[in-house]
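S.K.: Below, each chain spelled out in residue letters.
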Amino acid sequence: MAFIHGKNAVVIHGVFDLSDFLNDASASNSVETAETTTFGVSGGAKTYITGLREGTASASGLFDGAASAVDVVLQGSIGSETLAPVTICPNGTTLGERVQTLQAKTTAYEVSSPVGDVVSVSYTAQADGGLDHGVSLATLASISASTNHTSVDNGAATSDGGVGQIHVTENTRNSSTVLKVQHSSDNSTFADLITFSSLGSTTTASERIVVADGTTVNRYVRAISTLSAGTGALTYHISFSRR
Amino acid sequence: MPKYLVKVGLNYPPNRRAEAGDVVDDLPAKSIKWLRDQNAIELADANAKSDDFVDTGVEVEESAAEVITEGKEEG
Numbered sequence: 001m002a003f004i005h006g007k008n009a010v011v012i013h014g015v016f017d018l019s020d021f022l023n024d025a026s027a028s029n030s031v032e033t034a035e036t037t038t039f040g041v042s043g044g045a046k047t048y049i050t051g052l053r054e055g056t057a058s059a060s061g062l063f064d065g066a067a068s069a070v071d072v073v074l075q076g077s078i079g080s081e082t083l084a085p086v087t088i089c090p091n092g093t094t095l096g097e098r099v100q101t102l103q104a105k106t107t108a109y110e111v112s113s114p115v116g117d118v119v120s121v122s123y124t125a126q127a128d129g130g131l132d133h134g135v136s137l138a139t140l141a142s143i144s145a146s147t148n149h150t151s152v153d154n155g156a157a158t159s160d161g162g163v164g165q166i167h168v169t170e171n172t173r174n175s176s177t178v179l180k181v182q183h184s185s186d187n188s189t190f191a192d193l194i195t196f197s198s199l200g201s202t203t204t205a206s207e208r209i210v211v212a213d214g215t216t217v218n219r220y221v222r223a224i225s226t227l228s229a230g231t232g233a234l235t236y237h238i239s240f241s242r243r
Numbered sequence: 001m002p003k004y005l006v007k008v009g010l011n012y013p014p015n016r017r018a019e020a021g022d023v024v025d026d027l028p029a030k031s032i033k034w035l036r037d038q039n040a041i042e043l044a045d046a047n048a049k050s051d052d053f054v055d056t057g058v059e060v061e062e063s064a065a066e067v068i069t070e071g072k073e074e075g
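Chains H and L, in that order, are what the protein sequence lines are.
All letters in the first sequence, in the order written, are residues 1 to 243 by our numbering.
All letters in the second sequence, in the order written, are residues 1 to 75 by our numbering.
Rather than coming from a laboratory, the hints here were simulated on the basis of the structure.
Hints may be right or wrong, so weigh each one.
[Claimed, not checked] To list a few chain H residues with every Cβ distance to chain L over 12 Å, as calculated:
| hint | residue |
| --- | --- |
| 1 | His-5 |
| 2 | Lys-46 |
| 3 | Arg-53 |
| 4 | Thr-56 |
| 5 | Asp-64 |
| 6 | Gly-65 |
| 7 | Gly-96 |
| 8 | Asp-117 |
| 9 | Ser-184 |
| 10 | Phe-190 |
| 11 | Thr-231 |
| 12 | Arg-242 |
[Stated by the list, open to error] The following label-pair restraints were derived from C-beta to C-beta distances:
| hint | chain 1 | residue 1 | chain 2 | residue 2 | range |
| --- | --- | --- | --- | --- | --- |
| 13 | L | Ala-44 | H | Ser-146 | 45 to 53 Å |
| 14 | H | Thr-195 | L | Asp-45 | 21 to 29 Å |
| 15 | L | Arg-17 | H | Glu-54 | 50 to 58 Å |
Ideal Cβ positions, reconstructed from N, Cα and C, are used throughout, including at glycine.
Build out the structure end to end from the sequences listed, making use of the hints.
M.R.: Below is the structure:
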């Protein structure tokens with residue numbers, strides 16, 4: 001076991017890596033419980049059954065009003081009907097690192113301007129569809145050729161689907177790109193599990209795709225990118241969360 | 001090596017890619033079982049299929065239920 005420092009955390013909101021502006025981020029998962037206590041309950045204590053999960057996320061940091069900086073991105077998200085995929089990486093985006101992902105509806109955005117300190121921002125979001133904990137399958141980095149990323153070994157298969165999420169934060173490719181999550185039982189042959197929407201020339205995008213409950217996800221998962229012939233590069237992050 | 005119909009896109013060594021609908025005969029032997037178990041491939045080779053068939057020598061009549069067209073009865 002190794003403890004980690006928060007200095008390497010990364011927060012990606014839609015197609016924007018906001019890490020350069022933020023200095024605190026948190027994600028919270030909770031579940032409702034419904035009381036089932038009846039007369040004569042054994043042990044003299046209340047009993048409960050599990051209800052629905054709920055997730056929230058929050059972040060705060062320093063104000064920057066430039067285009068594509070934190071103020072424009074977060075102010076633009078509040079009140080929007082468009083849900084933004086958000087990924088929080090407590091120890092960075094390196095392949096295999098743990099991540100928290102959600103489809104966020106921004107519920108609050110605040111700019112604070114104290115006379116004696118730097119102007120700051122804070123933000124909270126409600127997860128639509130729950131908050132999931134998974135692993136990074138592709139480090140946020142520039143790629144200019146089709147890539148089969150190294151697989152992540154879960155130690156065993158799981159049987160309740162999952163969630164894949166991508167953030168393409170930069171794209172100068174003059175051709176299309178397809179990003180996928182694949183899985184394997186033997187770490188040799190990989191089958192497509194999730195195929196994200198094809199990315200057009202110079203298009204940035206973020207997307208979250210749910211693999212249905214009851215679907216087997218094999219022991220090994222990995223990300224792959226297929227770049228059509230062309231020039232340029234794109235920067236992306238891919239994660240997968242088992243359920 | 002039997003031929004298999006690929007039902008889900010696959011990447012397999014050495015650096016091969018098969019799309020859904022392709023018929024391939026070079027899948028790694030160690031991957032066949034789990035791919036078939038998960039319905040990612042199915043046997044496409046006619047000879048291989050006949051190998052699986054066991055003739056019991058008993059003729060079976062088509063039952064009345066089997067000749068009813070779905071949604072309407074013959075009559």
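S.K.: Mind verifying the non-interface call on Arg-53/H? Its CB should be farther than 12 Å from each CB in chain L.
M.R.: Given that every Cβ of chain L is farther than 12 Å from that of Arg-53/H, nearest at about 27 Å, it holds.
S.K.: Was Thr-231/H rightly flagged as not at the interface, with every chain L Cβ beyond 12 Å?
M.R.: The assertion about Thr-231/H holds, with a minimum of 22 Å to chain L.
S.K.: For Gly-96/H, which was marked as not at the interface, is the minimum beta-carbon distance to chain L over 12 Å?
M.R.: Per Cβ check, Gly-96/H is outside 12 Å of chain L; nearest 20 Å; holds.
S.K.: Would you assess whether Phe-190/H, listed as outside the interface, keeps its beta-carbon beyond 12 Å of every beta-carbon in chain L?
M.R.: violated (5 Å)
S.K.: Closest CB-CB distance from Asp-117/H to chain L, is it above 12 Å?
M.R.: holds (53 Å)
S.K.: Ser-184/H: least C-beta distance to chain L exceeds 12 Å?
M.R.: violated (8 Å)
S.K.: With 12 Å as the threshold, tell me whether Arg-242/H passes as away from chain L on beta-carbon distances.
M.R.: With a cut-off of 12 Å, Arg-242/H remains clear of chain L, as the shortest Cβ separation is near 16 Å.
S.K.: Per the stated criterion, does the least C-beta distance between Lys-46/H and chain L lie above 12 Å, as a non-interface residue requires?
M.R.: Holds, because the least Cβ-Cβ distance between Lys-46/H and chain L comes to about 43 Å, which exceeds 12 Å.
S.K.: May I ask you to test the hint 50 to 58 Å on the CB atoms belonging to Arg-17/L and Glu-54/H?
M.R.: violated (40 Å)
S.K.: Look at the Cβ atoms of Thr-195/H and Asp-45/L and judge whether their distance stays inside 21 to 29 Å.
M.R.: holds (28 Å)
S.K.: Over 12 Å to the closest beta carbon of chain L is the bar; see if Asp-64/H clears it.
M.R.: holds (41 Å)
S.K.: The output says His-5/H does not contact chain L. Does that hold with a beta carbon cutoff of 12 Å?
M.R.: At roughly 36 Å from the nearest Cβ of chain L, His-5/H sits farther out than 12 Å, so the non-interface label holds.
Hints 9, 10, 13, 15 from the list above are not met by this structure, while the remaining hints are.
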